[in-house]
Amino acid sequence: MSGTGFVRPPRVDTQERPRRLVLLVDDDIRSARIFVRMLREDGFDVEVVHDGAHAIGRLSRAPMPDVLVTDLQMPYADGIAVAKYARSENPALPIFMVTGYPEIVAARAKAFDPEPRIFTKPLDYPTFAKELDRSGT
1 MSGTGFVRPP RVDTQERPRR LVLLVDDDIR SARIFVRMLR EDGFDVEVVH DGAHAIGRLS
61 RAPMPDVLVT DLQMPYADGI AVAKYARSEN PALPIFMVTG YPEIVAARAK AFDPEPRIFT
121 KPLDYPTFAK ELDRSGT
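The UniProt record's numbering puts the first residue of the sequence shown at 1, with every later residue one more than the last.
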């Protein structure tokens, strides 16, 4: 996730809903820290891993996250491989792909049902947060 493009939206009222677990997969450690902080401030529990192999390892054990947010290009396994593994474990898992290569993801995402939601870097966090919130309803 690019370090630029994060704009702090108004906080979402999280008093009425249980906290959801987000697995964030991104090899850009600095951007991931910012992203994690914003997600936690919006009422999500967040686990972060920095490569595809660790993401697959995390997805293989309980509890399964409620949402997967992944970058596309990462060491050891790309975001598509992570998403495929996640869906093999939970076919209904909401998947958000954040990438600088949306056309690559869009072409490969057609194999998924439902398709992952695709967001372009730099991330428009307010729009992302609205979609993430909707994925839990």
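FYI, nobody ran anything at the bench for these hints, they're computed from the structure.
Check each hint, because a few of them may be wrong.
Here are the simulated DSS-like pairs of lysine-lysine, each with C-alpha atoms no more than 25 Å apart in a straight line [stated by the list, open to error]:
1. 130 - 110
2. 121 - 84
3. 110 - 121
4. 110 - 84
Every value quoted in this text rests on a predicted model; they were computed, and no experiment measured them.
We went through each hint and held it up to the structure:
Between residue 130 and residue 110 the CA atoms are separated by roughly 23 Å; this keeps the pair inside 25 Å, and the hint holds. With a C-alpha separation of about 22 Å, the suggested pairing of residue 121 with residue 84 holds against the 25 Å cut-off. A distance of roughly 20 Å separates the Cα atoms of residue 110 and residue 121; the hinted pair therefore holds under the 25 Å criterion. Note on residue 110 and residue 84: the hinted pairing holds, with a Cα-Cα distance of about 12 Å set against a maximum of 25 Å.
The structure meets every hint from the earlier list without exception.
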